[in-house]
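Trainee: Numbering follows our numbering, in which position 58 of the sequence shown is assigned residue number 52; successive positions increment by one, without gaps.
No lab work stands behind these hints, which were simulated from the structure alone.
For each residue, glycine too, the CB sits at the ideal point set by N, CA and C.
Heads up, a few of these hints could be off.
[To be verified] Label pairs and their in silico Cβ distance ranges:
hint	residue 1	residue 2	range
1	25	54	18 to 28 Å
2	18	140	32 to 42 Å
3	17	133	31 to 41 Å
4	36	124	20 to 30 Å
5	74	44	12 to 22 Å
6	13	36	17 to 27 Å
7	79	53	25 to 35 Å
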Amino acid sequence: MTLETDDFVTGQSILTTATRVPVNRRMQFLPRFLGHDMRVGEALVYDWMQALAPDYGGGYWEFYELSNGGFYMAPELGCETIRIRCPGNFYDATMSPDAAGIVATLYALNALVWKTRKAELRDMFDRLRDYAGDHTEGPKIFAAID
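Make the full structure from the sequences, and use the hints.
Mentor: Written out as structure tokens, the structure reads:
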């Protein structure tokens, strides 16, 4: 997946790409991006998906690296869309599992930032949010996290 963003310094477009992590690199994925917070961070992503998606019942997740240094996780659900409900902001709509994974990862990163106060985790949140802004379902993602 490739998305284009603008560099505010040069005014040139920068392509942000998401690359699925191959199986042989999955074990290093979470330690690379979350360090010592990987267990808590991973659990938060799954917990947020469970809280936001009434029909989610667990399953296999894909990991994605972003060319801007960010990451996200997305469930492989075998369906085109999943319903996401955010009672705190009254969002209730469907989106792709990929977009839902971005939402769950953003919620998890936000919670982790508040818990740890680590700047590098805030950077991960910002990188994913930047990518989400150009995602084909960006408006849905932002409505869900607003």
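Trainee: Between residue 18 and residue 140, does the C-beta distance stay in 32 to 42 Å?
Mentor: holds (38 Å)
Trainee: That 18 to 28 Å hint for residue 25 and residue 54 (C-beta), does it hold up?
Mentor: At 20 Å between Cβs, range holds.
Trainee: Would you say the C-beta atoms of residue 36 and residue 124 sit inside 20 to 30 Å of each other?
Mentor: holds (22 Å)
Trainee: A range of 25 to 35 Å was offered for this pair. Does it hold for the Cβ distance of residue 79 and residue 53?
Mentor: Once the Cβ atoms are compared, 19 Å apart, the range 25 to 35 Å for residue 53 and residue 79 is violated.
Trainee: Is the distance from the Cβ of residue 17 to the Cβ of residue 133 consistent with 31 to 41 Å?
Mentor: holds (33 Å)
Trainee: Could you check the hint for me, namely that residue 13 and residue 36 are 17 to 27 Å apart, CB to CB?
Mentor: Given range 17 to 27 Å: holds, Cβ gap about 19 Å.
Trainee: Is 12 to 22 Å a correct range for the gap between the Cβ atoms of residue 74 and residue 44?
Mentor: holds (20 Å)
The structure is inconsistent with hint 7 alone, although it conforms to all the rest.
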